[in-house]
Amino acid sequence: NAGVTQTPKFQVLKTGQSMTLQCAQDMNHNSMYWYRQDPGMGLRLIYYSASEGTTDKGEVPNGYNVSRLNKREFSLRLESAAPSQTSVYFCASSGTGVNQPQHFGDGTRLSIL
Amino acid sequence: GQQVMQIPQYQHVQEGEDFTTYCNSSTTLSNIQWYKQRPGGHPVFLIQLVKSGEVKKQKRLTFQFGEAKKNSSLHITATQTTDVGTYFCAGPKGSGYALNFGKGTSLLVTP
Numbered sequence: 005n006a007g008v009t010q011t012p013k014f015q016v017l018k019t020g021q022s023m024t025l026q027c028a029q030d031m032n033h034n035s036m037y038w039y040r041q042d043p044g045m046g047l048r049l050i051y052y053s054a055s056e057g058t059t060d061k062g063e064v065p066n067g068y069n070v071s072r073l074n075k076r077e078f079s080l081r082l083e084s085a086a087p088s089q090t091s092v093y094f095c096a097s098s099g100t101g102v103n104q105p106q107h108f109g110d111g112t113r114l115s116i117l
Numbered sequence: 006g007q008q009v010m011q012i013p014q015y016q017h018v019q020e021g022e023d024f025t026t027y028c029n030s031s032t033t034l035s036n037i038q039w040y041k042q043r044p045g046g047h048p049v050f051l052i053q054l055v056k057s058g059e060v061k062k063q064k065r066l067t068f069q070f071g072e073a074k075k076n077s078s079l080h081i082t083a084t085q086t087t088d089v090g091t092y093f094c095a096g097p098k099g100s101g102y103a104l105n106f107g108k109g110t111s112l113l114v115t116p
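Chains Y and B, in that order, are what the protein sequence lines are.
Under this note's numbering, the first residue of the first sequence is numbered 5, with each subsequent residue one higher.
Under this note's numbering, the first residue of the second sequence is numbered 6, with each subsequent residue one higher.
No lab work stands behind these hints: they were computed from the structure.
The beta carbon of each residue, even a glycine, is placed where N, CA and C say it ideally should be.
Facing chain B, from chain Y, some residues (calculated, C-beta under 7 Å): (1) SER35; (2) GLY46; (3) LEU47; (4) LEU49; (5) TYR52; (6) ALA54; (7) VAL102; (8) ASN103; (9) PRO105; (10) PHE108; (11) ASP110; (12) GLY111.
Only pairs whose alpha carbons sit at most 27 Å apart, straight line, appear in this in silico DSS-like list of lysine-lysine: (13) LYS41(B) to LYS61(B); (14) LYS75(Y) to LYS98(B); (15) LYS13(Y) to LYS41(B); (16) LYS108(B) to LYS75(B); (17) LYS108(B) to LYS61(Y); (18) LYS13(Y) to LYS108(B); (19) LYS41(B) to LYS62(B); (20) LYS64(B) to LYS108(B); (21) LYS98(B) to LYS56(B); (22) LYS75(B) to LYS61(Y); (23) LYS108(B) to LYS62(B); (24) LYS62(B) to LYS75(B); (25) LYS61(Y) to LYS18(Y); (26) LYS64(B) to LYS75(B); (27) LYS108(B) to LYS61(B); (28) LYS98(B) to LYS108(B); (29) LYS98(B) to LYS61(Y); (30) LYS75(B) to LYS41(B); (31) LYS41(B) to LYS61(Y); (32) LYS98(B) to LYS61(B); (33) LYS41(B) to LYS98(B).
Given only the sequences and the hints, what does the whole structure look like? Please build it.
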């Protein structure tokens with residue numbers, strides 16, 4: 005059982021390049037999330053999708069876009085990467101309803117030069 | 006929006022010593038969740054507390070939810086090197102689908 009799968013695991017970009025981070029879950033979860041994690045800052049929510057067909061901004065949405073492609077997949081796009089977006093990106097999913105535990109992927113380590 | 010504050014930010018203990026991390030919110034929380042992240046790993050759900058004054062135990066880990074549902078704690082008895090990692094608390098954000106994570110407490114255990 006794979007759980008939450010993120011690709012790629014590592015990526016280096018140049019400033020101004022674009023990139024899409026992929027996330028898929030096989031737990032039939034309704035809700036999916038994108039976080040970034042920086043040293044000393046904890047986990048900050050970028051965007052989330054409470055259910056298929058909906059997306060909402062989190063704490064730090066600027067510079068990012070998301071697509072909930074179907075129930076399984078939730079992608080995060082950086083249109084014009086900036087060094088400030090160097091971070092570890094985690095995708096997570098949770099089951100039906102509010103206050104559900106979240107299951108995280110292994111993360112994507114993204115460096116922008 | 007709702008914020009959860011966690012202290013301390015770091016804790017270094019000798020193996021066998023106890024450890025406690027605290028989580029505080031300025032508003033009443035409907036529930037609180039705790040996660041552990043090993044170095045280089047991803048956060049893993051540990052437990053959820055819902056009731057006022059609730060206490061739950063997982064082996065050497067004891068989780069408490071305050072009577073006012075504004076604070077919570079995680080206590081580890083007799084730490085082991087396997088306890089190394091960052092412990093996060095998280096409270097519901099807005100409608101409850103999303104979470105507000107604290108900044109975490111990083112625990113280092115020296116043998």
